[in-house]
Amino acid sequence: MGRIILRAIPARPPALRDLDNRPRFSYVPAVAETATPELLPDVTEREQDKPKSGLEPGYLVICWNDPVNYMDYVTHVFQVVFGWPRQKAEFHMRQVHEQGKSVLARESLERAEHYVHQLQKYTLHATMERDA
Amino acid sequence: MKRLPDSRGRLEFHLGENERLLFEHLLRLYPVVPPAHQQITRGPTLLDAAAEQKLLDEALAEQRQQSRKRIEILLQDLARLKSAGNGSRLSLPPADLEWLLQVLNDIRVGSWVRLGSPDRKFENLPPGHLQHLWAMEGAGFFQMALLESLTTPSENL
Chain A
1 MGRIILRAIP ARPPALRDLD NRPRFSYVPA VAETATPELL PDVTEREQDK
51 PKSGLEPGYL VICWNDPVNY MDYVTHVFQV VFGWPRQKAE FHMRQVHEQG
101 KSVLARESLE RAEHYVHQLQ KYTLHATMER DA
Chain B
133 MKRLPDSRGR LEFHLGENER LLFEHLLRLY PVVPPAHQQI TRGPTLLDAA
183 AEQKLLDEAL AEQRQQSRKR IEILLQDLAR LKSAGNGSRL SLPPADLEWL
233 LQVLNDIRVG SWVRLGSPDR KFENLPPGHL QHLWAMEGAG FFQMALLESL
283 TTPSENL
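For the protein sequence lines, the chains are A and B, in the order given. Under this note's numbering, think of the first position of the first sequence as 1, with each following residue one higher. Under this note's numbering, think of the first position of the second sequence as 133, with each following residue one higher.
Do not rely on the hints blindly, as some may be mistaken.
To be verified - What the simulated footprint calls covered on chain A by chain B, stretch by stretch (three residues with Cβ under 8 angstroms from a Cβ of chain B suffice, anywhere in the stretch; the number is not a length): (1) 67-75; (2) 118-124.
To be verified - Per the computed footprint, the stretches of chain B lying under chain A, defined by three or more beta-carbons under 8 angstroms from a beta-carbon of chain A, are: (3) 168-175; (4) 182-190; (5) 228-239.
For the record, the hints were derived by calculation from the structure and aren't laboratory data. Built from N, CA and C at the ideal position, the CB exists for glycine as well.
Could you build all of it, start to finish, from the sequences and the hints given here?
If you want it as structure tokens, here you go:
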């Protein structure tokens with residue numbers, strides 16, 4: 001299991017946009033680190049999930065920023081719903097936090113609908129949009 | 133809320149007496165998010181957005197209904213597992229952890245919505261709104277305790 005390190009964290013666990021940034025010190029478990037940076041794609045598209053024909057539009061699954069959902073919670077939900085490793089889930093969580101939104105997937109209508117339903121069951125601000 | 137070693141494949145937590153009272157009160161608030169709050173899309177790009185929205189509304193309504201029933205069972209278990217003067221034991225199958233996280237986040241987000249979805253500061257709240265701030269923070273406390281348990285192997289306790 002990971003080391004225990006001492007570092008400053010906000011007074012309460014950080015939300016995507018912090019409601020309160022007062023620092024305090026607490027023990028938190030260290031996050032697993034990798035030796036080399038890894039380039040993570042914005043959009044995941046598996047071969048079998050691509051739209052069936054060129055005429056069928058793709059649908060984007062988008063998660064939007066809000067100031068209430070904890071960053072750890074959002075990362076966890078991405079891991080559970082998409083089966084992503086923590087590093088990739090954190091990448092998209094940070095994209096939501098810093099850029100206001102993240103495109104999580106480009107899928108067929110049915111799969112995009114499924115993912116949005118799952119994310120909304122966790123009360124994340126997720127929507128589906130037709131890809132232009 | 134303190135994690136205890138797993139027992140027979142179940143996640144075990146100890147709740148102090150005040151924590152139990154808070155936990156029970158919060159769960160009784162569920163559902164808090166207004167049904168119309170959750171939208172399937174933000175733009176005009178979906179061909180049949182109304183039908184998609186209806187599907188989402190139905191899925192969320194079913195989730196709320198099932199969760200209410202499960203909350204009642206959980207509350208009965210909490211009462212049954214109450215230790216005299218020493219709080220209670222919360223015993224969860226691992227699969228229920230995700231469900232409980234969803235319930236708690238509904239309470240957290242729903243309370244924030246009732247506060248007027250403030251962006252950063254909670255200033256000049258009317259007295260009637262303090263209960264929503266309290267529920268939002270209380271739900272967050274239990275959420276983080278559950279999330280932390282996911283990264284702490286039982287054998288390390």
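Going down the list of hints, with the structure as the test:
1. 67-75: Since 6 is at least three, the answer is holds.
2. 118-124: Check passed, 4 qualifying residues.
3. 168-175: Since 6 is at least three, the answer is holds.
4. 182-190: Result for this restraint: holds, n = 3.
5. 228-239: holds (count 5)
Going down the numbered hints, you'll see the structure goes against none, and every one checks out.
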